[in-house]
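Heads up: the sequence lines are chains Y and X, in that order.
Position one of the first sequence corresponds to residue 1 (full-length UniProt numbering), numbered consecutively onward.
Position one of the second sequence corresponds to residue 1 (full-length UniProt numbering), numbered consecutively onward.
Some hints here could point you the wrong way.
Restricting the straight-line Cα-Cα distance to at most 25 Å, the calculated cross-link-like pairs of lysine to aspartate or glutamate (DMTMM-like) are [unchecked claim]: (1) K290/Y to D25/X; (2) K12/X to D94/Y; (3) K290/Y to D204/X; (4) K165/Y to E96/X; (5) K30/X to E15/X; (6) K290/Y to E96/X; (7) K12/X to D25/X; (8) K160/X to D106/X; (9) K73/X to D8/X; (10) K165/Y to D122/X; (11) K12/X to D204/X; (12) K73/X to D94/Y; (13) K165/Y to D8/X.
Derived from the structure by calculation, the hints contain no laboratory data.
Quick caveat, the model's predicted, so the values are computed rather than measured.
Below, each chain spelled out in residue letters.
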Amino acid sequence: METFILIGITGIGLGALYFLIASGLSLIYGLMGVLNFAHGSFLTVGAFVGFWVASKMGFETSMPEFILAMLVGGLAAGLFALLIEQLLITRLYDRHIDQALVTVGVSLVVGAVLGGWFGNDLRMFPAPLWFLSAIDIGGAKIPADRVVYIATAVLLLVGNWALLKFTRIGLIIRAGVENRNMVNALGINVRRAFSTVFFLGGFAAGVGGVLVSVYSNGVSPLIAATYLIYGFIVVVIGGMGSVPGSFLAAMMIGVIRQFANYYATGLGDFVVVILLAVVLLIRPQGLLGKVRS
Amino acid sequence: MNALSVSDLHVKINESHILHGVTFDVPAHKVTALLGRNGVGKSTTLKGILGLYPGTGSVQLNGREIIGVPTYKIVQSGIAYVPEDREIFSSLSVRENLTLASRSKDNGAAFATIFELFPELDTRATQIAGSLSGGQQQMVAIARALLNKNEVLLIDEPTKGLAPKLVTEVASALSKVANETTMLLVEQNLALVKRIAHHVVVMDQGRVVFQGGPENLNDPAWVHQMLGVSGGHK
Chain Y
1 METFILIGIT GIGLGALYFL IASGLSLIYG LMGVLNFAHG SFLTVGAFVG
51 FWVASKMGFE TSMPEFILAM LVGGLAAGLF ALLIEQLLIT RLYDRHIDQA
101 LVTVGVSLVV GAVLGGWFGN DLRMFPAPLW FLSAIDIGGA KIPADRVVYI
151 ATAVLLLVGN WALLKFTRIG LIIRAGVENR NMVNALGINV RRAFSTVFFL
201 GGFAAGVGGV LVSVYSNGVS PLIAATYLIY GFIVVVIGGM GSVPGSFLAA
251 MMIGVIRQFA NYYATGLGDF VVVILLAVVL LIRPQGLLGK VRS
Chain X
1 MNALSVSDLH VKINESHILH GVTFDVPAHK VTALLGRNGV GKSTTLKGIL
51 GLYPGTGSVQ LNGREIIGVP TYKIVQSGIA YVPEDREIFS SLSVRENLTL
101 ASRSKDNGAA FATIFELFPE LDTRATQIAG SLSGGQQQMV AIARALLNKN
151 EVLLIDEPTK GLAPKLVTEV ASALSKVANE TTMLLVEQNL ALVKRIAHHV
201 VVMDQGRVVF QGGPENLNDP AWVHQMLGVS GGHK
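Same shape as in the complex, but just chain X (with noise of 0.2 Å):
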C-alpha cells in the first residue's frame, strides 16, 4: 500500500524544466530516502508534491489526486513539510512558531509529546526563534510539521550545515518518528538514511534512475557510481 505515488511529474521554473517525469512510490508506514547528486531535483520534486512549484503529471494522496490542488489545502489534507532552509518565522518566538503551525485548538497533548522529543523547545519557547542556533532551528522546523496528524511527512535535508552532536540528536528524533509515519526524505548524511530508510529512490537530472532497498548503500561501487561518493559514507 502506497501513502504516496508520484507520476510522470515535470516541473518547470520560468523556462527551465526541472523534473522531467519523476515517478516513484511512497509506501505507507516506511521511510523512503530520496537520494542523489547536488542539483538532480530532489528538493524542487517535494515542492512540487507540495504544489509550491506548479507541476503537471499526478500526485496521489492515498489514492486522491492532489495535483493543482492549493499548497494549504494537500497540507491540510495530510501532507507536512520541512523545507531545507528550515524557514522558521525568525520573527516569532518558539511558542508562536508552534501554534501557528497547530491547526488544532486542542492541542496540548502535541506540544507535550513535541517538548518530550525536543526539551529544549520547551525551556526556549518564549525565545525569539531568529535567535536560536542552527539545530534549535531545526528542532522547530521538524516540531512544526509534527504538531498535527499527518499521513507523510515530506522531510529535507535535516541535518544540512548542522554540527554533529545536533546531527546525532535530530537523527535520533527522526529515528522515533520514523516508527510511526510515512516519511519521504531528502538526505545526504547516509549513514543516517541507512539507519532508518526502508526505500530508496535515486534521482539524476530530474529523472527517476532506481528504485528499491537500501541495501545497495552498502556497496560502495554502487554508491559511488549513483550518488558521486565514495566508501558509503557522505
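Only chain Y is shown next, with the shape it has when bound in the complex (with noise of 0.2 Å):
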C-alpha cells in the first residue's frame, strides 16, 4: 500500500510539473491558434534566471530566498514570452508554418546561446535542504519537493480559474478561445489579450522551469525538450485551450507514466504515446476541449 502511495504521489508532482509547462501552450495555442515550439526556451529562460538569483543566496536556500528565485524566474520567462510576442508572433498570426519555423528557432538559438556561455552539463541548483526529507503519508514517505510540485501547480490552477472567471481580460481570453473574430467584431483589441496570455503562459513556464531544475538535479540548456514533448502531449490529451483540461491530463499521464515505469520497467513513454493515440481515435478534441467548427 505505501508503495502505491508513493508512486501515485509522485506521479502526481511528475504531473504538477508537466501541468506547468502545458498551461500556457494550451491558452496559447486556443486563443491564437500558436503552436508554440519556443515554449521550452521561456521554461529555460526561467530555469536559468531563477538558478542566478538562487546561487546569488549561497549552496542552499531557504524556501523564502527558493519562493523569490522562482517568482524572479517566473517573471523573467514572461517577459521573454512577451517580448517574442510582440517582435515576432504579432507579423506570424494566421500563418501557421512560419510561427512554427520560428519557434523551432528562437527554442534553438535560446539553448545554443545558453549552452555556449554555461555549458550543457547540469548544474546543482541551491534548492532548501527541507527537499531532500521525507513527509509521512499513510505510511508512504514522499519526497519533500513533490509536495512543493504538487502546491504551485494547484496555486497556478486556481490564480488562472479566477483570472478567467472574475477578470474583464478573463473573460475577454475566454470569449478569445472560442471566437476571436467575434471578440474583435465587438469592439475589443483581442491583441491586448494575446500578450497578456503569452506573459502568463511564459511566466507558469518559467516556474514549471525552477521547479524542472530541482527535479532533473540541476539546470541545464538541455531539460527543456523533454517537458516541452510531455506539454504537447498533456495539451492535446487535455483539449486545446482547456486550462482545467491540461491539468487533469497532467495529473493523469504522470500519475499513469510512475505506475507504469515501476509495474513494467521503462515503459512509461510507452503507454503515454498508447494514451495519447487512444485518445485521439475516441476524443480527438481531447478530454475537455471543445469541437471546433
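Mind assembling these two chains? They're in different frames, but the hints should get you there.
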C-alpha cells in the first residue's frame, strides 16, 4: 500500500510539472492558434534566471529565498515570452507554418546561446535542504519537493481560474478562445489578450523551469526538450485551450507514467503515447476540449 | 444625410473576387434593407464594411473613412454587428456575453433597456448561452449590439432558422429599435422588410443592381425578377 501511495503522489508531482508547462501552451494555442515551439525556451530562461537568483543566496536556499528565485525566474520568462510575442509572433498571426519555423528557431537559438555561455552540463540548483526530507503520508515516505510541485500547480490552477472567471481580461480570453473574430467585432482589441496570455504562459513555464531544475538535479539548456514534448501531449489529451483539461491530463499522465515505469520497467513513455493515440481516436478534441467549427 | 457611404468596395477571399465595386448609401436614422438571392455577397458586404474581410474602395461612417481601419476600432467608432449565425459565446453565460459586449462601466441603464426589450434574457442571465434555443441566442446577439450607443447597426438575417412565433418576437424588437437608430439589414423575410425598411438596396453577383424605396416590394413581378422569389413574400 505504501508503494502504491508513493508512486501515486510522486506521479501527481510529476504531473504538476507537466501542467506548469502545458497550461501556457494550451491557452496560447486555444486563443491565438499559435503552435509555440519556443515554449521550452521560456522554461529554460526561467530556470537559468531562477538559478542565478538562488546562486546569489549560497549553496542552499531557505524556502522564502527559493520562492523568490522561482518568482523572479517566472517573471523573467514571462517578459521574455512577451518580447518574443511582440517582436515575432504579432507579425505572423494566421501563418501557422511560419510560426512553427520561427518558434523552433527561437528555441534553437536560446538553447545554443545558453549552452555556449554556461555549457550543457547540469549545474546543481541551490534548493532548500528541506526538499531532501520525506513526509509520511499513509506510511509512505514522500519526497518533500513533490509537495512543492503539487502545491505550485494547484496555486497556478486556482490563480488561472480566478483570472479567467472574475476579470474582464479573463472574460475576453475565454471568449477569444471560442471565437476571436467575434471578440474583435464587439470592439475589443483581442491582441491585448494575446500579450497577456503570452506573459502568463511564459510565467508558468518559468516557474516550471525552476522546479524542473530541482527535479532533474540541476539546470541545463537541455532539460526543456523532454518537458516540452510532454507539455504538447498534455495539451492534446486535455483539449486545446482548456486549462482544467490540461490539469486533468497532466495528472493522469504523471501518475500513469510512474505506475507504468514501476510495474513494467521503462514502459512509461510507451504507455503515455498509447494513451495519446487512444484519446485522438476516441475524442480528438481532448478530454475537456471543444469541437472547433 | 448618409450615416454610411459604401463606394466601389471590392473584397477578395483567397483567390475569389466576391464583391465587384459595391456602391450604396445608408441614410441616417432609416432602415436600409440589403436584399438579393443567396450567395450574391450580402453578408460579405457587411463583413467588408466591418473590416472582417479586407477590402479596397471606400467606406465612410458619417464622412470618416474607415476602410483599412482595424475591426475593433471601426466598432468602437459606432458600428454594431449582429452576425448571420449569431456567433454568441456558447461557453459564457448570457450575462457574460452581454458584459463582454458592453464598452461602458456604467451600463446599468443599458442593461435595463435590454432586459425590457428581451425580458427572457433577464430571467436566463446566469444560463450558459450555448444551452439557449435558437431564438434566445438571437436575442443575445441583438442585445449585444444594442448595449452601446451606436451610429449604425449591421444586422445579418436575424430571423433565419427561427420558428414563426420567434420571428414575430424578433421582428417586434427590431421594429422598436428601428425607430431610434440607423440600420443596415440583410433579411430574406420580405414581410419584415416591408414592415420596417425605408430604403432598399438589391445586390446580384457581387454588385448593387438597385437602390430606392421599398414600394417595389409590393410588385410581385419586380420581386420575382430581382430576388428570384414569387408573390412578394418569402
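Hints, verified against the model:
For the given pair, K290/Y sits about 41 Å from D25/X by alpha-carbon distance, which is inconsistent with the 25 Å threshold. Straight-line distance between C-alpha atoms of K12/X and D94/Y comes to about 17 Å, which keeps the hinted pair within the 25 Å bound. For a cut-off of 25 Å, the pair hint linking K290/Y to D204/X is broken: about 37 Å separates their Cα positions. Restraint check for K165/Y and E96/X: satisfied, since their Cα atoms lie roughly 10 Å apart, inside the 25 Å limit.
Only pairs whose Cα atoms come within 25 Å are accepted, and K30/X paired with E15/X is rejected, the gap being roughly 35 Å. For the suggested pair K290/Y and E96/X, the alpha carbons sit about 19 Å apart, so the restraint of at most 25 Å is met. For the given pair, K12/X sits about 21 Å from D25/X by alpha-carbon distance, which is consistent with the 25 Å threshold. Taken as a hint, the K160/X and D106/X pair is broken in the structure, with Cα atoms around 33 Å apart against an allowance of 25 Å.
Straight-line distance between C-alpha atoms of K73/X and D8/X comes to about 22 Å, which keeps the hinted pair within the 25 Å bound. Straight-line distance between C-alpha atoms of K165/Y and D122/X comes to about 20 Å, which keeps the hinted pair within the 25 Å bound. A hinted pair counts as satisfied when its Cα atoms are at most 25 Å apart, and K12/X with D204/X qualifies at roughly 16 Å. For the suggested pair K73/X and D94/Y, the alpha carbons sit about 20 Å apart, so the restraint of at most 25 Å is met.
For the suggested pair K165/Y and D8/X, the alpha carbons sit about 44 Å apart, so the restraint of at most 25 Å is broken.
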